[in-house]
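Peer 1: Each chain, letter by letter, is given below.
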Amino acid sequence: MSDQFENRIDIALTVNGEPVEARVPAGQHLVDFLRLELGLTGAHASCEHGVCGACTLRVNGDAVRGCLMLAAQADGAEIWTVEGLSDSAAFTDLQEAFVARNALQCGFCTPGMLVAAEELLSAGGVPDRAEIREHLSGNYCRCTGYEAIVDAVETVARARAGEAAQ
Amino acid sequence: MKASVAGYIRANDVAHAVRLLASADGMGRVLAGGQSLVAAMNMRLSTGDMLVDISRLTELEGVTEEDGRLRIGALTRHAEIGRNPLIQTHAPLLAEAAGHIAHAAIRNRGTIGGALAHADPAAEFPACILCLNAVLHVTGPDGSRDIAAGDFFHGLFETALEEGEILTAISLPKAEPGEVQVVEEMARRAGDYALAGLCVTRRRAGYRIAAFSVGPRPILATGAMQALDAGDLDAAVANLAEEIEPASDTQASAAYRRHLAGVLLRRAALRIEGEAQ
Numbered sequence: 016m017s018d019q020f021e022n023r024i025d026i027a028l029t030v031n032g033e034p035v036e037a038r039v040p041a042g043q044h045l046v047d048f049l050r051l052e053l054g055l056t057g058a059h060a061s062c063e064h065g066v067c068g069a070c071t072l073r074v075n076g077d078a079v080r081g082c083l084m085l086a087a088q089a090d091g092a093e094i095w096t097v098e099g100l101s102d103s104a105a106f107t108d109l110q111e112a113f114v115a116r117n118a119l120q121c122g123f124c125t126p127g128m129l130v131a132a133e134e135l136l137s138a139g140g141v142p143d144r145a146e147i148r149e150h151l152s153g154n155y156c157r158c159t160g161y162e163a164i165v166d167a168v169e170t171v172a173r174a175r176a177g178e179a180a181q
Numbered sequence: 029m030k031a032s033v034a035g036y037i038r039a040n041d042v043a044h045a046v047r048l049l050a051s052a053d054g055m056g057r058v059l060a061g062g063q064s065l066v067a068a069m070n071m072r073l074s075t076g077d078m079l080v081d082i083s084r085l086t087e088l089e090g091v092t093e094e095d096g097r098l099r100i101g102a103l104t105r106h107a108e109i110g111r112n113p114l115i116q117t118h119a120p121l122l123a124e125a126a127g128h129i130a131h132a133a134i135r136n137r138g139t140i141g142g143a144l145a146h147a148d149p150a151a152e153f154p155a156c157i158l159c160l161n162a163v164l165h166v167t168g169p170d171g172s173r174d175i176a177a178g179d180f181f182h183g184l185f186e187t188a189l190e191e192g193e194i195l196t197a198i199s200l201p202k203a204e205p206g207e208v209q210v211v212e213e214m215a216r217r218a219g220d221y222a223l224a225g226l227c228v229t230r231r232r233a234g235y236r237i238a239a240f241s242v243g244p245r246p247i248l249a250t251g252a253m254q255a256l257d258a259g260d261l262d263a264a265v266a267n268l269a270e271e272i273e274p275a276s277d278t279q280a281s282a283a284y285r286r287h288l289a290g291v292l293l294r295r296a297a298l299r300i301e302g303e304a305q
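If you read the sequences in order, they're chains A and B.
Heads up, the first sequence is in my numbering, so the first residue is 16 and it goes up one at a time.
Heads up, the second sequence is in my numbering, so the first residue is 29 and it goes up one at a time.
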């Protein structure tokens, strides 16, 4: 049992289904590790204190702030970014609904918005608009005014519930 | 900004974590969910920390019934507090409060022990456990001890935790049959810290009221409690205004916070009447 504090920490994790091993600086944010070391630049580092939601990732099944979790803490974790979720077609319907409803303009918030919205959708059922707003309240969008985003999420929730009922 | 961290190590158990903190020359810092600590490090409010990561100590997770009380492990996450059936049944105040804390992604990582040890006076959980008369269980170099919630919060981010001690769990009495527990708060936006907030419970023995975001620490409003016990809501509102110590800042003036506290007490009283029927 080591009692040695380290500046660099060995981690082994899976990212988008692929095993990854790395040695990371003690203070490196998970989102920076993904962006700088693995080239997964979908999740954005923006406010860096947990307010804006642009860095939202899926960690062990939960939506998590990539700027409030250290890469060192991700040892053993299963991580999905917007890239992996896109490639695996996990939320193609949600992405298509964002396009159809014009739920993005600059797109900076979109990766985090998709991961956060998918967490709500994967809980099942059809959340009402207030619930959608509440769940996305930690994800800032400075372009759309949110209406189109809520529209997109609501559309997908209804479509998935309809499919489930058939 | 980026965090400035001097060192990091993962603890294998509580005893290991205590030993690591003792070896860190006063720079040791317990890392649990990290939702306040990492944000503080990112803003360079805290630098050079030697992080002792306790987040994998599964023995500190979860909610159990023990000797007729509810025991909540320090690493139990806010999201779990919100949905746990034992908490919903026996401490509904905590379950309701969890929904007010920040946003879903923060609640997925933040832990109740972290929130209590951090002791932000604007946070919900410190006031909740003061209202529920909980006991905090801590372990340090000299062994384990229990601290009553009423003795735990000393001031702004200050607690009764001694250097090198770790909060491991809290325990609290279960709600009585017919007991009502409510949280009322006012925030500008969903997920923001409250401008003012109140936890109110009504038991056979009487009301308990703990106020948050209206002083340097959560405040047990004993004068307002006595007035409510006597059935005088107006006097309770007046007493509450005397008992709290709100500050003015960019969010709200002290006078506005004092006014809000009274409004929230009336709302809580109405809800308690409604839910008790």
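The hints are simulated quantities; they were obtained by calculation from the structure and are not laboratory data.
Check each hint, because a few of them may be wrong.
[What the hints assert, rightly or not] Residues from chain B shown here face chain A by an in silico Cβ test under 8 Å; the list is partial:
| id | residue |
| --- | --- |
| 1 | V33 |
| 2 | I37 |
| 3 | A43 |
| 4 | V66 |
| 5 | R72 |
| 6 | G76 |
| 7 | M78 |
| 8 | D81 |
| 9 | A133 |
| 10 | G219 |
| 11 | L248 |
| 12 | G251 |
| 13 | V291 |
C-beta atoms are modelled at their ideal positions from N, C-alpha and C, and glycine is treated no differently.
Peer 1: Each hint needs a verdict: does it hold in this structure or not?
Peer 2: Results for each hint:
1. V33: 3 Å, holds
2. I37: Check passed: Cβ of I37 (chain B) comes within 5 Å of chain A, closer than 8 Å.
3. A43: 10 Å, violated
4. V66: Cβ of V66 (chain B) sits 5 Å from chain A, so the hint holds.
5. R72: 11 Å, violated
6. G76: It is violated, given that the least Cβ distance between G76 (chain B) and chain A is near 10 Å, above 8 Å.
7. M78: It holds, given that the least Cβ distance between M78 (chain B) and chain A is near 5 Å, below 8 Å.
8. D81: Holds - the Cβ of D81 (chain B) comes within 8 Å of chain A, reaching about 6 Å at its closest.
9. A133: This hint holds: A133 (chain B) lies near chain A, its Cβ roughly 5 Å from the closest one there, short of 8 Å.
10. G219: 5 Å, holds
11. L248: Violated, about 30 Å.
12. G251: At about 35 Å, which exceeds the 8 Å cut-off, the nearest Cβ of chain A leaves the hint on G251 (chain B) violated.
13. V291: 22 Å, violated
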